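Residue strings, one per chain:
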Amino acid sequence: MAFEQKPKEVSFQQNWSAYAFLAPALVILFMSLLLPAAATLVMSFTDVSFLHPTNWVGFDNYIKLLADEKFGQAVANTIHYTLGVTFPTMALGMLAAVALNRKVPGRIAFRTIFYLPVLTSLIAAAVVWAYLYEPYAGPLNNALAGLGLTPRPWLQDPSLALNSLIVMAIWRDFGTAMIIYLAGLQDIPNDVYEAARLDGAPPHKIFFRITVPMLSSVTFYLLIILIVQTFQVFGAIYVMTQGGPLGSTETVVYQMYQTAFAHTEFGYGAAMSTVLFLTILAFSLIGTRIMKRKDG
Amino acid sequence: MTALAQHVAIERRAAARARSFRSYSPAKIVGYALLVFAAIMTMMPFLWMVSTSFKTDQEIFRFPLSFVPDGFEWQNYRDALNAPDAGRQLINSLIYAGGSTISNLVFCSMAGYALARMQFAGRNIVFALVVGLLMVPAQSQIVPVYLIVQKIPFAGGNDWLGSGGTGLLNTYWGMILPTAATPFGIFMMRQFFTRIPMEYEESARLDGASSFTIFRRVLLPLAKPSLAVLGVLSFQSAWNEFVWPLILTSQRDMATLQLGLQLLQSGPDARWNVVMAMATLITTPVILAYLFAQRHVVDGAVSSGVKG
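Protein chains in written order, with the UniProt record's numbering: chain D, 1 to 296; chain V, 1 to 308.
Okay, chain D solo, but in the shape it has when bound (with noise of 0.2 Å):
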């Protein structure tokens, strides 16, 4: 019977509407994104900058960016936030998920919760923990200086600062790894489950030798989006410590911020912007990587 036919075979009908549909989508996406991308890569390549007429210069910005410490420490410490972010946050995430996966008292009222701070927006996170980190009436050192320790500069001494940015980013991220967990959760078959326990495993083996590795591709997912997302931190740097003390919580894209819109080098800042862009997507080449070896 004809009818049994799948719709794909029985004819392939070019809809030519499909392109109005498309098209105000992809301009905006050809604008916001392919162009800049192109763009970027064009402009590392010049002087370009509002004080003067462009210049080619080849590679220079290149050759500047290597030997530019400033730019080093830059990458160093983006590296150092971006592990101090992503690892806890999902472990973080994983344990929420996997205690609010059962029939707990209150588990919506608990999840709710932990995705509050997801919902916060950077800025007024930022603000409240500038001020619960607030050397000398902040809470923080208050309720340190009861207990009867030594209060610290959380955020003006450059051994703390990006350690004190990266809990906020914790905090402020394992909501979204919770709700991908359990989404993931969901998708675990319960036989699985029933019969390791028939099988009399601990619960702490069914956790390792089960959930996680039947998680396996969300942690991978998870691990993309929060490495993309915390390799471009900003706003929280911007609020709070202006990329100070002595540059230690001075990242990638809040240099190529001042450089760009500060010393108007816009030429410079599109090479930082580059390396930036390759960087996240080795990252992201590294990890499909790691998760194919993982599965074969």
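These are calculated hints, taken from the structure and not from any lab test. Just so it is clear, the structure is predicted and the values come from calculations on it, not from any experiment. The C-beta atom is built at its ideal place from N, Cα and C for all residues, glycine as well. There's no promise every hint is true.
[What the hints assert, rightly or not] Mimicking BS3-like on lysine-lysine, the simulated pairs with C-alpha atoms at most 27 Å apart in a straight line are:
hint	chain 1	residue 1	chain 2	residue 2
1	V	Lys28	D	Lys103
2	D	Lys103	D	Lys205
3	V	Lys151	D	Lys205
[Said to hold, decoys possible] Listed next, the stretches of chain V that the computed footprint assigns to chain D, with coverage defined by at least 3 CB atoms under 8 Å from CB atoms of chain D:
hint	segment
4	105-115
5	140-147
6	227-235
Start from chain D and add chain V according to the hints.
Chain V alone, transformed into the frame defined by chain D:
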């Protein structure tokens, strides 16, 4: 056979008993205590935000600091609302977030519909492009997007080559356009439309309806839950956005609430209680919107993000 079945049943019951017994074990109680502790720690910044917003200027610098304010100092909220340009910033934020939300709903659902249910040459390429763009880090594009918005032809005194004027800088259009459609939104709507059975539109097509009529009358009404998710997420991301408004506006009267809050906090005569009142005012609408749409948002994140 029956003996085996009975045996299995007995073992199941034993396992169930063991499980219900375990539910009162010390490990469970410790686990629950940890959960409560984590919830309190997560709430702490919000609680301090609200409590500080009700404190007087003297209370903030008292030692030891009290968590519970002496009273409700509503004056802080009045001061926050009377901060220079606060009303203007609210209007700007609403226009920016509203415009971005509406355009995302319209453009992403149209594009998602075409990708999910229409046949046309280049469909796979377009879809691959959308998925690829999901990976492009938006914040690394702040420099070129600024220059592109500045060089839009015929806008803001520009000539046809896009030079001479300021383009769409310092305009609502300039703020909304870069966020008017997102790869995520298109992807999410495509995933949704793919799951709707083809029969829905086949009967409409037999009645001679056009593609647009089918989209508008048949599929969009079915997509209400997904549109609610996309709407809440778009509104939230624009309302909370900081970087675009920061670089695309240089005039104070185009600043959004997020910029306003940052200006309020970094100002020379910043008062923490007023800053916290402003932060509370900015945070509340998004949280309320989420609580109303909660079920949809969680389900939508589930179905669009992971299950693919």
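Quick rundown of the hints versus the structure:
{"no.": "1", "hint": "Lys28/V x Lys103/D", "in the structure": "holds, 12 Å"}
{"no.": "2", "hint": "Lys103/D x Lys205/D", "in the structure": "holds, 20 Å"}
{"no.": "3", "hint": "Lys151/V x Lys205/D", "in the structure": "violated, 60 Å"}
{"no.": "4", "hint": "105-115", "in the structure": "holds (count 8)"}
{"no.": "5", "hint": "140-147", "in the structure": "holds (count 8)"}
{"no.": "6", "hint": "227-235", "in the structure": "violated (count 0)"}
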